[in-house]
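Please model the entire structure based on the sequences and the hints provided.
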Amino acid sequence: MKNEVSVIIGYPFKPESAVNIEIGPTKFAMYTKNDGAWIQNAAEEARMVEAMRKGTDVVVTGTSTRGTQSTDRYSLKGLSQALDRAARECR
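Letter 79 of the sequence shown, counting from 1, is numbered 78 in numbering that gives the first Met the number 0, and no numbers are missing.
Do not rely on the hints blindly, as some may be mistaken.
Quick list of the computed label-pair ranges, beta carbon to beta carbon [claimed, not checked]:
no., residue 1, residue 2, range
1, 72, 35, 35 to 45 Å
2, 24, 81, 37 to 47 Å
3, 28, 87, 15 to 25 Å
4, 17, 46, 12 to 22 Å
5, 73, 30, 32 to 42 Å
Only pairs whose alpha carbons sit at most 20 Å apart, straight line, appear in this in silico PhoX-like list of lysine-lysine [to be verified]:
no., residue 1, residue 2
6, 53, 32
7, 26, 53
8, 13, 32
9, 76, 26
Think of the hints as simulated: they come from the structure by calculation, not from any bench.
All of these numbers come straight from a predicted model, not from anything done at the bench.
Think of the CB as a built atom: it goes at the ideal place given N, C-alpha and C, for glycine as much as any other residue.
Listed below in structure tokens is the structure:
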């Protein structure tokens, strides 16, 4: 299964800005376009997914087009089960 790690936040990010993702002590950099962010280093996708499987929450920090710095926290509860089921169902 190919991993494509992205974040859709619901408001447009500042053009050419970065988003930082923290999962426990692990951090990942993402690039932005409109209201989405994608991992900068595609080689880190598997490591990010594994961190998400093991983590309890993810913290997303970015800047909106208005210049507002935002920090959003999302629970990862149930993510491992959802990914496992998707892998089984989408063979």
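ask   = Where does the structure disagree with the numbered hints, that is, which hint numbers, in rising order?
value = 1, 2, 3, 5 and 6
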